[in-house]
Amino acid sequence: MTVRLKRSTSTVGGFIKYKVRVNGEKTAKITQGETKDIELTKENSVIQIKQLNGKSNTLTVNDGDTVEISNGPFVFFGFILGLILVPIATSLTGLTRWSSLFIVFIIYLITLQLFDSFKLKKLNGTSTLTK
1 MTVRLKRSTS TVGGFIKYKV RVNGEKTAKI TQGETKDIEL TKENSVIQIK QLNGKSNTLT
61 VNDGDTVEIS NGPFVFFGFI LGLILVPIAT SLTGLTRWSS LFIVFIIYLI TLQLFDSFKL
121 KKLNGTSTLT K
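This note's numbering numbers the first residue of the sequence shown as 1 and each following residue consecutively.
I should point out that these hints are in silico values taken from the structure, not numbers from a laboratory.
Keep in mind the model is a prediction, meaning the values are calculated, not measured.
Treat the hints with care, since some could be wrong.
Said to hold, decoys possible - Cut-off 27 Å, straight-line C-alpha distance, at most; resulting in silico cross-link-like pairs (DSS-like, lysine-lysine): (1) LYS6 - LYS29; (2) LYS42 - LYS29; (3) LYS17 - LYS50; (4) LYS122 - LYS42; (5) LYS42 - LYS19; (6) LYS6 - LYS55; (7) LYS6 - LYS121; (8) LYS119 - LYS6; (9) LYS55 - LYS36; (10) LYS121 - LYS29; (11) LYS42 - LYS26; (12) LYS55 - LYS29; (13) LYS122 - LYS17; (14) LYS26 - LYS121.
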């Protein structure tokens with residue numbers, strides 16, 4: 001049993017391989033523009049993508065499914081967050097600057113856990129999304 005993954009993300013994070021998890025276990029890595037067949041050990045397997053601290057939605061897949069990996073809502077939100085908060089933090093001086101940059105970094109890490117950085121979508125059939 002196999003599922004086909006197609007990574008069609010933009011250039012944001014394009015130089016880093018994404019880790020593919022099937023039923024919670026890391027099974028493969030996929031690069032920008034790559035199409036890869038992943039072996040499934042059972043029907044109704046759950047896949048998820050992770051990269052650094054970012055994650056995707058989870059998706060239930062079966063033999064023969066084709067899944068597209070694309071950028072999720074956090075890619076845009078994280079960019080806007082950086083555009084707003086980093087200039088404010090760097091306009092400060094001394095210890096306040098470093099403290100505020102640290103706080104911006106912590107906010108970024110927290111939002112990575114709240115929003116999906118990547119999106120999984122079945123290209124054939126109906127998709128079963130879970131969180």
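Hint check:
1. LYS6 - LYS29: holds (12 Å)
2. LYS42 - LYS29: It holds: about 20 Å lies between the C-alpha atoms, which stays within 27 Å.
3. LYS17 - LYS50: Status holds; Cα separation ~9 Å.
4. LYS122 - LYS42: With Cα atoms ~18 Å apart, LYS122 and LYS42 stay inside 27 Å; holds.
5. LYS42 - LYS19: With Cα atoms ~20 Å apart, LYS42 and LYS19 stay inside 27 Å; holds.
6. LYS6 - LYS55: Holds. LYS6 to LYS55 sits at ~16 Å (cutoff 27 Å).
7. LYS6 - LYS121: holds (10 Å)
8. LYS119 - LYS6: holds (12 Å)
9. LYS55 - LYS36: holds (19 Å)
10. LYS121 - LYS29: holds (18 Å)
11. LYS42 - LYS26: Distance of about 15 Å is within 27 Å: holds.
12. LYS55 - LYS29: With Cα atoms ~14 Å apart, LYS55 and LYS29 stay inside 27 Å; holds.
13. LYS122 - LYS17: Given that 27 Å is the threshold and the Cα spacing comes to 20 Å, the pair holds.
14. LYS26 - LYS121: OK: LYS26 and LYS121 at ~19 Å, within 27 Å.
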